[in-house]
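Those protein sequences? They're chains L and U, same order as listed. Counting from 2, one number per residue, gives the positions in the first sequence under this note's numbering. Counting from 2, one number per residue, gives the positions in the second sequence under this note's numbering.
Please note that the accuracy of each hint is not assured.
[Unchecked claim] To spell it out: a stretch of chain L is covered by chain U in this simulated footprint if at least three of its residues, at any positions, have a beta carbon under 8 angstroms from a beta carbon of chain U; those stretches are:
hint : region
1    : 165-177
2    : 187-193
[Claimed, not checked] Chain U side only, calculated, beta carbon under 8 angstroms to chain L, not exhaustive:
hint : residue
3    : F300
4    : L342
5    : T346
6    : L364
7    : R369
8    : I374
9    : R381
These are calculated hints, taken from the structure and not from any lab test. The model shown is predicted, which means the values in this text are computed figures rather than measured ones. The C-beta atom is built at its ideal place from N, Cα and C for all residues, glycine as well.
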Amino acid sequence: MAIETLPEPSIPVTTPFRPKFGFLTSTPIIAVATVSLTLVVLLAIFAPWIAPHDPVLLTPALRLKPSSAQFLLGTDGYGRDLLSRTIYGGRISLLIGVGSAVFSIGIGLAIGLVSGFFKWVDAVMMRVMDGLMAMPSILLAIAVVSLSGAGIWTVLIAITIPEVPRVARLVRAVVLSAREEPYVEAAISVGSSLPKIMWRHLMPNTIAPLIVQGTYVCASAILTEAILSFLGAGISPETPTWGNIMAEGRAYFQIKPSLIFWPGLLLSITILSINLIGDAARDALDPRMKQREGSK
Amino acid sequence: MSTASDSRSVILDIDNLVVGLGNKLHAPRIIDGVSLRVHEGETLCVVGESGSGKSVTSLTTMGLLQKGSLVPSGGSIKLVGEELLTASDRRLRQLRATTMAMIFQEPMTALNPVVHVGRQIDEVLRVHTDLDARARRAKILAMMEQVRLPDVERIFASYPHRLSGGQRQRIMIAMALVLEPKLLIADEPTTALDVTTQKQILTLIRDLQRDRGTAVLFITHDMGVVAEIADRVAVMRQGRLVETGTLDNILRNPTMEYTRNLLSAVPSLVPRAARAESKEPVVLEANELGKVYRERSLFGGVREVAAAQDVTLTLRKGRTLGIVGESGSGKSTVARCIVRLIDPTSGGVRLAGREISELSRRLLQPHRKRIQIIFQDPYRSLNPRVTVGETIAEGPINYGMPRREALAKARELLELVDLPPDAISRYPHQFSGGQRQRIAIARALALDPDVLVADEAVSALDVSVQAQVLELLDEIQTRLGIALLFITHDLRVAAQICDDVAVMQKGRIVEQGPAAQVLTNPQQAYTRALLDAAPGRGWDFANFRPVAAAAASL
Chain L
2 MAIETLPEPS IPVTTPFRPK FGFLTSTPII AVATVSLTLV VLLAIFAPWI APHDPVLLTP
62 ALRLKPSSAQ FLLGTDGYGR DLLSRTIYGG RISLLIGVGS AVFSIGIGLA IGLVSGFFKW
122 VDAVMMRVMD GLMAMPSILL AIAVVSLSGA GIWTVLIAIT IPEVPRVARL VRAVVLSARE
182 EPYVEAAISV GSSLPKIMWR HLMPNTIAPL IVQGTYVCAS AILTEAILSF LGAGISPETP
242 TWGNIMAEGR AYFQIKPSLI FWPGLLLSIT ILSINLIGDA ARDALDPRMK QREGSK
Chain U
2 MSTASDSRSV ILDIDNLVVG LGNKLHAPRI IDGVSLRVHE GETLCVVGES GSGKSVTSLT
62 TMGLLQKGSL VPSGGSIKLV GEELLTASDR RLRQLRATTM AMIFQEPMTA LNPVVHVGRQ
122 IDEVLRVHTD LDARARRAKI LAMMEQVRLP DVERIFASYP HRLSGGQRQR IMIAMALVLE
182 PKLLIADEPT TALDVTTQKQ ILTLIRDLQR DRGTAVLFIT HDMGVVAEIA DRVAVMRQGR
242 LVETGTLDNI LRNPTMEYTR NLLSAVPSLV PRAARAESKE PVVLEANELG KVYRERSLFG
302 GVREVAAAQD VTLTLRKGRT LGIVGESGSG KSTVARCIVR LIDPTSGGVR LAGREISELS
362 RRLLQPHRKR IQIIFQDPYR SLNPRVTVGE TIAEGPINYG MPRREALAKA RELLELVDLP
422 PDAISRYPHQ FSGGQRQRIA IARALALDPD VLVADEAVSA LDVSVQAQVL ELLDEIQTRL
482 GIALLFITHD LRVAAQICDD VAVMQKGRIV EQGPAAQVLT NPQQAYTRAL LDAAPGRGWD
542 FANFRPVAAA AASL
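Please put together the full structure from these sequences, using the hints given.
What follows is the structure, encoded as structure tokens:
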């Protein structure tokens with residue numbers, strides 16, 4: 002009578018569904034994106050050692066110098082080294098990008114988990130989220146910054162707030178479908194507490210979509226920060242950020258376009274790379290995409 | 002019947018078919034040397050467990066294999082003399098519908114949800130005939146009459162979701178047969194239907210076949226269905242043909258070991274010998290339990306649906322109570338109310354004399370461990386990201402057992418359910434359906450419950466695995482004196498495991514009593530209808546003889 006349909010499990014013990022990072026080099030374009038992003042990150046981290054000059058040192062005598070051996074990309078309207086400022090500018094931009102991705106995912110995950118599980122919280126929370134989403138994010142950010150003054154934390158919070166609803170809605174949708182799974186009901190019937198059910202049985206389902214969402218939040222936060230700085234509503238102008246450099250360069254655009262070109266180029270490369278990697282992550286982590294390839 | 006069929010013309014001739022996984026030379030073979038023949042006006046049942054390759058065989062015939070992943074690499078399939086494996090896509094498209102047609106297991110997903118069913122049948126005619134609109138409509142309505150749909154004009158203009166499962170399957174049959182194909186392939190067409198509907202559909206296929214002389218290739222896992230509809234039977238296992246023969250031959254004198262095992266695993270409809278009356282204490286009582294779903298519509302109207310009403314049950318220690326009924330009868334609602342996965346709206350549940358239906362979540366916590374549940378689908382009831390050991394140990398840890406002890410207990414339980422102890426560090430995806438169900442049972446037992454609720458716990462399993470799991474449950478009951486509340490739609494399973502049976506219909510219990518009495522001498526019309534519809538009720542499969550013979554020999 003022993004007719005078990007599958008042979009004894011002989012597959013090596015593996016952890017299923019743990020995100021694998023092989024997708025980072027899956028196609029040449031993605032590989033280029035990964036390398037570019039790594040370079041930008043390294044530049045930002047090691048800025049104090051790489052940058053040839055002090056990025057905030059004013060030398061009015063050397064205003065708007067063209068490229069030379071001393072100043073590779075020339076100087077800006079206050080005589081500061083453009084190359085050093087651009088390298089340092091990446092620090093703030095990436096910090097804002099990663100910071101707002103982490104914060105929005107953290108807050109959004111909590112809100113999404115709770116509102117996916119409790120109906121009455123859901124009703125209230127989602128209306129609040131609807132309200133937040135109805136406001137243009139730049140406008141909201143400008144309002145927050147002008148209320149509490151410019152500073153890196155203010156800008157970070159201002160950029161994070163509009164991203165939270167998107168993450169919360171994503172998590173909520175995943176939780177709503179996952180909580181109907183019999184294994185969640187099984188956990189209820191063996192007496193697991195609600196936090197345990199949420200953390201152990203529901204949260205893992207959200208990891209893959211959150212990684213993808215995180216990259217998009219990161220890219221859009223970097224862009225928003227640049228826009229805020231460019232509009233003069235961001236971090237104080239003496240701090241080098243890509244947006245600030247471009248904002249100042251605008252005045253000299255006719256004379257020295259490279260003031261806008263270099264930080265703009267780095268900004269574009271960074272955002273494009275992050276978005277490409279995000280797309281690759283989505284393709285790699287989305288089970289439907291996997292099915293299409295026919296792999297397990 | 003079969004000897005006569007040999008003189009009739011061969012409609013489908015599958016010869017030494019090989020289907021490989023992928024295009025490579027030494028690709029694993031999903032179908033390995035299968036030969037089948039279907040004559041005009043004959044039904045060939047292909048029967049086998051999951052993974053036997055029965056569906057792949059039918060899909061290959063229809064030319065519907067997923068391109069690139071499954072590739073026919075040898076043999077031939079001839080439809081009325083015409084080779085199908087080398088036919089062009091265009092020719093195959095012509096042949097489908099005109100010469101061969103297929104009906105599927107799940108009629109809801111096979112129909113387009115946003116198009117009237119009449120138009121969906123019409124599409125077949127528009128593509129393959131030159132008839133004008135009026136002639137097509139007349140033909141469709143006539144076909145719908147033939148598949149015995151009521152009120153055909155109305156149904157013609159209905160969307161699929163307005164129809165019942167049986168009606169949808171009738172539409173599928175109408176669509177398949179409207180061009181009078183010579184071959185009908187039916188892939189588990191009644192598996193998703195209730196027994197009473199299943200009986201009607203089987204009769205319908207039988208009658209239509211008799212009137213039109215269609216050859217039918219009928220794929221099923223259910224020996225009961227085979228006994229109802231087959232002229233000849235082909236048994237498949239792991240991509241190979243085990244044996245073929247006439248229905249009578251296969252059921253009475255199977256020559257191969259595998260076929261014998263398969264047949265003996267089919268539970269008998271004759272209830273097992275009754276156990277002595279129990280004097281043990283009552284562990285579970287449901288008193289006039291009710292669950293009403295309220296639906297508020299946009300305009301303030303309230304619609305009430307009573308999923309369960311006045312359900313009263315009593316279960317003693319070490320006994321098994323079965324709740325049987327068709328889909329929508331409320332049997333699962335009752336189970337979920339009793340385990341308090343949902344809250345009942347009226348009535349009470351007493352667990353070992355303690356009323357639990359009114360308790361809040363917090364107060365319920367200490368009682369939860371006394372009643373545990375096993376779910377139907379073992380692929381979804383285990384968290385794929387948690388190891389087997391952690392899954393089983395979760396309950397004891399919740400009730401304060403140290404982790405080490407809990408894991409040691411998990412190891413013991415794995416042994417109890419006949420799984421290797423090293424299963425503890427593996428993940429659910431490394432196990433088969435039957436093994437997973439054992440893990441689910443181990444998880445339920447980890448809390449030493451008084452009552453185990455099994456909600457269709459063996460319905461998703463192959464018969465042989467089903468038999469093993471039923472045996473395991475029986476053994477556990479004898480050993481631990483646990484009480485079982487067994488929810489099932491399958492009367493055969495109920496007959497083999499239950500001491501008492503409650504029959505539910507539309508949320509109410511219509512009949513309740515000892516299994517032997519309810520299943521052999523039913524008092525209610527509904528119970529009789531259910532028993533009457535059970536497929537293959539005339540056969541005692543495990544003893545290779547008709548039930549009448551069994552009765553005579555007693």
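Status of the hints after comparison with the structure:
no., hint, result
1, 165-177, "violated (count 0)"
2, 187-193, "holds (count 7)"
3, F300, "violated, 20 angstroms"
4, L342, "holds, 5 angstroms"
5, T346, "violated, 17 angstroms"
6, L364, "violated, 12 angstroms"
7, R369, "holds, 4 angstroms"
8, I374, "holds, 5 angstroms"
9, R381, "holds, 5 angstroms"
Consistency with the previously given hints fails for numbers 1, 3, 5 and 6, ordered from lowest to highest.
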